[in-house]
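Dock chain V against the given chain F, drawing on the hints supplied.
Residue numbers (the working numbering), protein chains in the order written: chain F, 3 to 669; chain V, 3 to 669.
No lab work stands behind these hints, which were simulated from the structure alone.
If several chains are the same, the list does not tell them apart, and a pair holds so long as it fits within one copy or across any two.
With a cut-off of at most 25 angstroms between alpha-carbon atoms, the simulated SDA-like pairs for lysine to any residue come out as follows:
{"id": "1", "residue 1": "K412", "residue 2": "A81"}
{"id": "2", "residue 1": "K628", "residue 2": "S618"}
{"id": "3", "residue 1": "K133", "residue 2": "P230"}
{"id": "4", "residue 1": "K643", "residue 2": "S356"}
{"id": "5", "residue 1": "K126", "residue 2": "A378"}
{"id": "6", "residue 1": "K574", "residue 2": "M111"}
{"id": "7", "residue 1": "K431", "residue 2": "V415"}
{"id": "8", "residue 1": "K75", "residue 2": "A266"}
{"id": "9", "residue 1": "K126", "residue 2": "Q220"}
{"id": "10", "residue 1": "K255", "residue 2": "T63"}
{"id": "11", "residue 1": "K126", "residue 2": "G224"}
{"id": "12", "residue 1": "K75", "residue 2": "G414"}
{"id": "13", "residue 1": "K643", "residue 2": "L107"}
{"id": "14", "residue 1": "K450", "residue 2": "R78"}
{"id": "15", "residue 1": "K567", "residue 2": "E108"}
{"id": "16", "residue 1": "K422", "residue 2": "K598"}
{"id": "17", "residue 1": "K255", "residue 2": "K567"}
{"id": "18", "residue 1": "K75", "residue 2": "T510"}
{"id": "19", "residue 1": "K568", "residue 2": "E304"}
{"id": "20", "residue 1": "K568", "residue 2": "E108"}
As a plain string of letters, each chain reads:
2 protein chains.
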Amino acid sequence: MRFFRTVISPSNLRVLSRCRLFNASSPKPQESAATHVLRRNVPSMNVAVNREAFRQAVANTLERRLFYIPSFKIYRGVAGLYDYGPPGCAVKANVLAFWRQHFVLEENMLEVDCPCVTPEVVLKASGHVDKFTDLMVKDEKTGTCYRADHLLKDFCNEKLQNDLSMTADKAAELRHVLAVLDDLSAEELGARIKEYGITAPETKSPLSDPYPFNLMFQTSIGPSGLIPGYMRPETAQGIFVNFKDLYYYNGSKLPFGAAQIGQAFRNEISPRQGLLRVREFTLAEIEHFVDPEDKSHPKYSEVADLEFLMFPREEQTSGQSASTIQLGEAVSTGIVNNETLAYFIGRVYLFLTSLGIDKDRLRFRQHLANEMAHYAADCWDAEIECSYGWIECVGIADRSAYDLRAHSEKSGVDLVAHEKFSEPREVEKLVIATVKKELGLAFRGNQKMVVEALEAMDEKEALEMKATLESKGEAEFYVCLLGKNVTIKKNMVTISKEKKKEHQRVFTPSVIEPSFGIGRIIYCLFEHCFYTRPSKAGDEQLNVFAFPPLVAPIKCSVFPLIQDKKYDAVAKLISKSLTVAGISHKIDISGATIGKRYARTDELGIPFAITVDSTSSVTLRERDSKDQIRINVEEVVSVVKDITDGQSSWADAKGRFPAHSSVSADA
Amino acid sequence: MRFFRTVISPSNLRVLSRCRLFNASSPKPQESAATHVLRRNVPSMNVAVNREAFRQAVANTLERRLFYIPSFKIYRGVAGLYDYGPPGCAVKANVLAFWRQHFVLEENMLEVDCPCVTPEVVLKASGHVDKFTDLMVKDEKTGTCYRADHLLKDFCNEKLQNDLSMTADKAAELRHVLAVLDDLSAEELGARIKEYGITAPETKSPLSDPYPFNLMFQTSIGPSGLIPGYMRPETAQGIFVNFKDLYYYNGSKLPFGAAQIGQAFRNEISPRQGLLRVREFTLAEIEHFVDPEDKSHPKYSEVADLEFLMFPREEQTSGQSASTIQLGEAVSTGIVNNETLAYFIGRVYLFLTSLGIDKDRLRFRQHLANEMAHYAADCWDAEIECSYGWIECVGIADRSAYDLRAHSEKSGVDLVAHEKFSEPREVEKLVIATVKKELGLAFRGNQKMVVEALEAMDEKEALEMKATLESKGEAEFYVCLLGKNVTIKKNMVTISKEKKKEHQRVFTPSVIEPSFGIGRIIYCLFEHCFYTRPSKAGDEQLNVFAFPPLVAPIKCSVFPLIQDKKYDAVAKLISKSLTVAGISHKIDISGATIGKRYARTDELGIPFAITVDSTSSVTLRERDSKDQIRINVEEVVSVVKDITDGQSSWADAKGRFPAHSSVSADA
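With the rest of the complex left out, here is chain F (with noise of 0.2 angstroms):
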């Protein structure tokens, strides 16, 4: 009975399908050839280093220049906390005034800030207190802990790698352990580290059996010690237990989209992948609500043409690759499953090309069916590629009724919407009458629990059961709360539909989740931005973040050419000017060679750099190209604004200004 499996698998609870969200994907079918991520339309781009050179040497621009830092340094810091330094942190607050613009601005979404500390009741509704969890072993010797998931594929790819004398059959073997590692349970886990004699890694001591790990950070809320709070692994419950207040202020109509930026906590048991993989980040979550019979989208249109690389589920299972498909057509053929959804999935792929992304490094890749969960209409993660393989930094869920039915029910308040009619309409309805007598005899304490649990059956859930029941006499059924599979037999329960007169519609909306790793798509940023290009005497390699002005931590540099106090003085205004207008900018008056400071501003994805060798003009000078234009001082600065706001290119001001003649100044 597929339906009930589907229901007991715990793979398909909220809280697994969003922690995978932010798990970097395991291996997917028809991963894409190492070398891809290397390719990148700029200037002297090596494409034969390969990945891990290739993100040593980002790693060490990013380290270097202070755009990330180990947490808490000085004191040998804690693994999965970073800090932002000085440009990270200015490249994060542009993503996200770009993500406000782009998304709440644009949809007119209701925002909202809610704490961090969250009380346990929220999040054992939402069933994170159960089921937000990892499997860990214990070097039963040390005590350390380890992800018994990561110490098996590790095993399984240190083998295939290196055990030249295995058999064909054995690699198959380890290979196919590969694939489903994510569907394994703790049972099946322990199995597979016993038998291939899997031991810990720094001591060779025994492991412990797997057993799960809750990944919330406790506290202890108020001086008592009796409310138990977790640090929130999530935005969006924030929003959730809103619902009701917020369909109000929308003047009590749907659609609308809520919206939340804000940390997000999980106390991973062994972080690894640098920025990827944290203990403490940065999320941006939408819910859209809809009427689950109607979700079209008013400005669908707007997006239907464009066409990107898709991954639809189909493709993946039958060994094809992702390809170019129009969302449009998407839409039509059934492969995304309505309008909303293809509405975000077209809006997120805008986003993230706007800031950057490469677009032929970005593909959005539908769930297979055993990683949804049974409640969800459809899902699709916008991965991008970086030197770690494809990382999903954006999901796009339509979650279907799930979390406002699970806050109703737990709280008992009722966070549904309603359709007026304008006259009575005659109705089907679907009624559930539970028989008390037999369920309080077959569950005793576990009665209330049991029928709760059938009574909020939706239409196909019932109907199933019915034709169960029918057929069978009986069905298994998982009961949520009591975490378990009950058995309910004929006599229990009555499934029937009647006709009433009704003169509204009060249903539980859809919800269409669009989620944003931000610290992932920064990283994922880094990449595609970065790239070498060897300095004019052709003695070494330059690093160039290649960012758009949209994100450049900051937005121009200002050089005296020599150090001379009139043209100290034409910098100092230009930079006054500058920050009046609220460019970002970074005097440089040292005594560096002006290709020395091209250089340095160059590695930190500086746009333009304004160099003042006259006092009535100025130099501007554009990163990537290396082209100069000659500009009077007093017009400078709005052509840099112009440029930066979006309003206007560096190719418009090619045209307009004369290029500067000399021999290009770049070290």
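Just chain V now, kept in the frame of chain F:
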């Protein structure tokens, strides 16, 4: 001995001075009259309403329009946790964006973004683990916890107000208790509670003795349970631990400012005062590092002429009121310690008044000697008057070298700056030679900590100890790491000054720290901007928030005058242009009268309304004056944009466009 007493007093530790910053201030000398809070230069403000009623009116409006929402309301909430709903969230985003523009961009500060989860070692060094406490009492029957000082304060206030039979002596005693409340030790508080027979407010059960409760939310990092951590109680420590990298990033030059915006956490014992005392809040902090020998500021002259309410120490202790003082004069007469501190006081004044804080309800109060840490050079709080009294919203402290020294000591990493001399200089150096043998005999296992503390003394401390040792043969000495006093004898240490040749000066920078409680500023802003005015018919009072366009949550509303497809189309066109221009707005196409719709948007503080009453031109209405002008459809968006961006004003627009001739449509 003043010096050693100061070191010992816990109220002089950083953590308590910081703790005090985000407390609502206790009654201070010369509170201004209660009615003061309601004075406002807006029409029809009823100045006779009392504080409580006024506060309730503001709170009702704020909660009804979702400026804020008690968090997790459907689960009956958690004391001290609030959500910002859509308009509150927008105000907060606007305040933070302006903070970045006004401080970070203007001063080229280095902004960082560090995690909230913080390992114990960092907060041990800062003193929070040992000293970030409030005194608590427990109801001995139910276990309910109360802040000891709150119970004593409530008792005294209640007696003074209601006990008419009280003697003058007794009244004077209770007033004295209120005045010294912040300085009472656990023993003193306990004695008073016993003496006055104070019991638990709800059950009248006896209370436990007061004992310290640490206000940090505790958690555990990683799966082992062996790394204790806390949710940071402030953002400043993230900056201090990064000093070395930031100094290098700044070209190894002083001065520079570093900044951080982020969440901070305080597990309050029993939160009161709504949005003013919460368990999670947003801080915006600046650490401006300077050479302790040169605290001048290059842009000081830009603020020196500002005049505003200041409340120096002298005036407080001699019973005078705050008075208008010119900032430059305050520096030249030595009231404000140095130019850099004064520069930030001036900038904070400009920041707050630009947001819409009433300058007559804003004062800068200098810390009294007993409020200030012994190492602090000077400290001023920006206090804003609201219905709760004068509230500390920004603290601006010259904290000298305390924080960097504490982390240097604990981490073993030198957090210092260097000044290279053009030629070697002969300098007199303090030499503190400890006699390990004697110290070992006296302190055994604690010897190392005593030695470190002795060696870390600054010149002033060391010379004072030298004098004491010479006159008395021994001196009391507080050792932070031990948390107690020890007796140092003459034979344990030799303190002398020696001459040496040096090529550079190595020193720990001083830090000047402006620290902003964003939620408190926003709450006070709500009160300062709120007023009521009678409806046109005079039958009801309408609420208005007079937010300046800079912080208004929504800049503009758009109404078709009547329900008509042509008008709707124009309204949608205008809405689209507003979105492209980045202007937040709200369309209201409901059938409500235009007056009702104006009233609704006034209550959200939306400064401008565009009413579409023809297809070629529209009416633009300003919120507070209710004046209306007529503008072409094509021009209206740029007019609104120029005003909300601060490029132009409503007065300019009124000069450029004809007044709308028909009678006001206001309700």
